[in-house]
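Please model the complete structure; the sequences and the hints are all you need to start from.
2 protein chains.
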Amino acid sequence: MKVYPECLPCFLNQVRKTAKVAGLSDEKTIEIEREVARFIWKELEPDKSPGHNATFVHRIFKKMSGIKDPYKNLKDKYNSIALKLEPFLEEEIYLKAKDRLAAAVKLAALGNVIDFAVPSSFDLEREIKEFFQTPFAYFDEAILERFLVSGKETLYIADNAGEIVFDKFLIREFKERGLKVTLAVRGAPVLNDATVEDAVSTKVSEIVDAIVTTGNDYIGVNLEEVPEEFKEAWKRCFFVISKGQANFETLDGIYDKDIFFILKAKCRPVAKELSCNLGDLIFLYNKHLLDIKERNEEAEEKS
Amino acid sequence: MKVYPECLPCFLNQVRKTAKVAGLSDEKTIEIEREVARFIWKELEPDKSPGHNATFVHRIFKKMSGIKDPYKNLKDKYNSIALKLEPFLEEEIYLKAKDRLAAAVKLAALGNVIDFAVPSSFDLEREIKEFFQTPFAYFDEAILERFLVSGKETLYIADNAGEIVFDKFLIREFKERGLKVTLAVRGAPVLNDATVEDAVSTKVSEIVDAIVTTGNDYIGVNLEEVPEEFKEAWKRCFFVISKGQANFETLDGIYDKDIFFILKAKCRPVAKELSCNLGDLIFLYNKHLLDIKERNEEAEEKS
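Protein chains in written order, with the working numbering: chain Z, 84 to 386; chain C, 84 to 386.
Because the hints were derived from the structure by calculation, they are not lab data.
Careful: at least some of the hints might be erroneous.
Since copy identity is lost for identical chains, a pair holds within one copy or between any two.
Below, computed lysine-lysine pairings styled on DSS-like, alpha-carbon distance capped at 27 angstroms [as the list claims (entries may be wrong)]:
hint : residue 1 : residue 2
1    : K125      : K145
2    : K125      : K100
3    : K85       : K349
4    : K111      : K385
5    : K103      : K355
6    : K349      : K103
7    : K111      : K355
8    : K131      : K340
9    : K111      : K376
10   : K370      : K85
11   : K103      : K376
12   : K85       : K111
13   : K385      : K103
14   : K125      : K111
15   : K263      : K370
16   : K103      : K125
All of these numbers come straight from a predicted model, not from anything done at the bench.
Next up, the structure:
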């Protein structure tokens with residue numbers, strides 16, 4: 084997807100929020116924001132994705148602040164909260180579900196949604212139970228089931244720290260049906276995105292067949308920049324699971340691969356691309372999305 | 084007040100929202116946002132107020148879009164909604180109030196708060212009644228009363244269209260106590276700020292003794308740029324009423340004049356300057372604010 088008018092102020096807001104997490108002064112924050120404004124003026128590529136452009140925004144932040152991984156503490160904290168929740172998720176949600184595949188998909192989406200900053204585990208458990216009452220705007224379970232063929236491989240592209248623990252259930256479902264699972268994480272720190280370190284500390288690494296990385300701190304997936312191992316896993320796999328907004332932003336429009344997007348549409352531009360409402364939960368097959376887009380274009384031409 | 088880190092993304096958001104009101108395409112909006120990013124990079128003056136800097140942002144918008152008054156239709160609509168509400172405000176709120184001065188100040192603040200985009204007059208009337216239950220973070224009525232001396236003059240600096248109708252009650256209170264009232268409005272269109280045209284169409288012009296303007300489209304008041312009539316009214320007046328955020332941003336820090344600020348603190352930077360919470364309602368004497376700021380500084384030095 085392309086850059087929307089909302090994305091430009093959002094880039095500056097991301098700098099501000101990251102600066103706050105890193106404890107920078109207002110003066111230093113404004114200095115970095117102004118340098119990012121220079122990037123927006125001179126180097127923005129509006130025809131590429133918001134995630135693509137945000138990558139350069141966060142590189143400017145890291146260079147000017149001298150902080151390579153501003154979200155390190157937060158990521159560790161979110162992993163630890165998620166790990167404490169794991170037995171509850173397993174016993175109260177996953178094992179009690181009539182349709183475990185559906186529950187596993189919902190748990191994976193919940194990881195993208197849940198506010199790990201919420202203080203008590205009591206509040207989190209309430210938030211989780213409420214979440215399971217919320218319907219999805221799209222839920223392509225029947226299509227996914229056609230891809231669950233024993234011996235085939237899936238490439239599971241993770242999103243954030245903390246969230247990665249919630250991905251375990253869907254990975255387990257795939258493994259139990261005889262599929263191989265390759266997990267993809269970021270190659271270097273950016274935002275609160277999961278890296279190899281997070282996959283290992285949350286023990287997600289122990290239930291997958293292989294881990295590859297996206298090669299660097301690119302926000303989302305840049306198929307031109309990914310390392311050889313990622314390229315091979317991409318070619319080899321029968322289908323892809325793509326978690327979160329940035330992976331969607333950068334993989335949207337690719338149709339020579341079967342991709343299932345799991346995310347919450349957290350901003351209007353992404354909701355518009357998905358033909359859904361802001362805040363909607365999404366489990367959507369990319370060729371189903373293609374159908375929707377083609378129908379919308381036809382309707383626009385007619386009107 | 085100075086520019087905060089929040090202000091920089093807000094400048095781009097103001098462009099985006101104004102472009103939406105004016106019906107510009109996404110491509111044109113992004114083009115203008117990028118030019119504003121150039122301004123942020125090269126010309127921002129962080130030691131001056133957000134309103135000061137936003138003035139140049141909106142001048143870039145007007146120049147690049149070729150639209151001199153993007154909020155014209157909205158301003159007319161808001162004036163018309165406010166005029167329809169006026170009899171209700173008078174009969175149900177103002178005339179029924181035990182303390183009419185307090186009610187008039189609250190009505191003036193309500194004008195800064197009310198969402199004129201709300202569809203039905205029924206909802207607006209409910210919103211108004213709810214508003215009167217909300218306490219103010221500061222309410223310097225006792226101090227204002229000391230300034231209500233017959234024969235003296237006040238300079239009443241207006242904020243938005245629509246809102247200006249809600250200012251009539253406080254202006255009436257001043258007139259009934261024998262004061263002269265000079266109304267100040269913007270000298271040229273910017274945002275939804277009231278101009279002479281709005282003062283005339285809402286008949287606020289008929290109840291004041293004189294109207295002056297701030298001279299141009301500056302967001303707030305720039306005492307170095309205002310025309311001679313404004314300067315004279317400023318010098319002559321016994322006290323000033325300043326409505327809304329931008330007038331506060333640009334008049335904050337002036338203590339050789341007695342100023343009463345009436346506004347809702349709509350963003351964190353303004354709330355921080357006012358030592359209040361985001362969303363708080365404010366009726367505050369500038370020398371009371373000076374006391375608060377001095378006490379805060381002392382407390383910071385001690386800690």
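Item checked: Within, between, both or neither, where K125 and K100 count as close if Cα-Cα is 27 angstroms or less -> Both: 23 angstroms inside a chain and 22 angstroms across chains, each within 27 angstroms.
Checklist line | Homomeric proximity label, K111 with K376: Cα distance no greater than 27 angstroms | finding: Between copies, since 24 angstroms is at most 27 angstroms while 43 angstroms is not.
Notebook entry, point to check: Between K263 and K370, at a C-alpha cutoff of 27 angstroms, which is it: within one copy, between copies, both, or neither?
Noted result: within (23 angstroms within a copy, 71 angstroms between copies)
Margin query: With identical chains, the pair K349 and K103 could be close in the same copy or across copies; at 27 angstroms between alpha carbons, which is it: within, between, both, or neither?
Written below: both (21 angstroms within a copy, 20 angstroms between copies)
Next item on the list: Using 27 angstroms as the alpha carbon limit, work out where K103 and K355 are close: within a copy, between copies, both or neither.
Entry: between (29 angstroms within a copy, 16 angstroms between copies)
Next item on the list: Go through the copies and call it for K103 and K376: within, between, both or neither, with a Cα cutoff of 27 angstroms.
Entry: between (38 angstroms within a copy, 24 angstroms between copies)
Next item on the list: Please work out whether the CA atoms of K103 and K125 approach to 27 angstroms or closer within one copy, between two copies, in both situations, or in neither?
Entry: For K103 and K125, both the intra-copy (26 angstroms) and inter-copy (24 angstroms) Cα distances are at most 27 angstroms.
Next item on the list: Give the relationship of K85 and K111 under a CA distance limit of 27 angstroms: within one copy only, between copies only, both, or neither.
Entry: So K85 and K111 pass the 27 angstroms test across copies only (14 angstroms; inside, 30 angstroms).
Notebook entry, point to check: Given a CA cutoff of 27 angstroms, do K125 and K111 count as a within-copy pair, a between-copy pair, both, or neither?
Noted result: both (21 angstroms within a copy, 16 angstroms between copies)
Margin query: Regarding K125 and K145, is the shortest C-alpha distance of 27 angstroms or less found within a copy, between copies, in both, or in neither?
Written below: both (19 angstroms within a copy, 21 angstroms between copies)
Check: Is it within, between, both, or neither for K370 and K85, if the alpha carbons may be no more than 27 angstroms apart?
Finding: within (19 angstroms within a copy, 51 angstroms between copies)
Check: Under a CA distance limit of 27 angstroms, which applies to K111 and K355: within one copy, between copies, both, or neither?
Finding: Between copies, since 19 angstroms is at most 27 angstroms while 35 angstroms is not.
Checked against the numbered hints given earlier, the structure satisfies every one of them.
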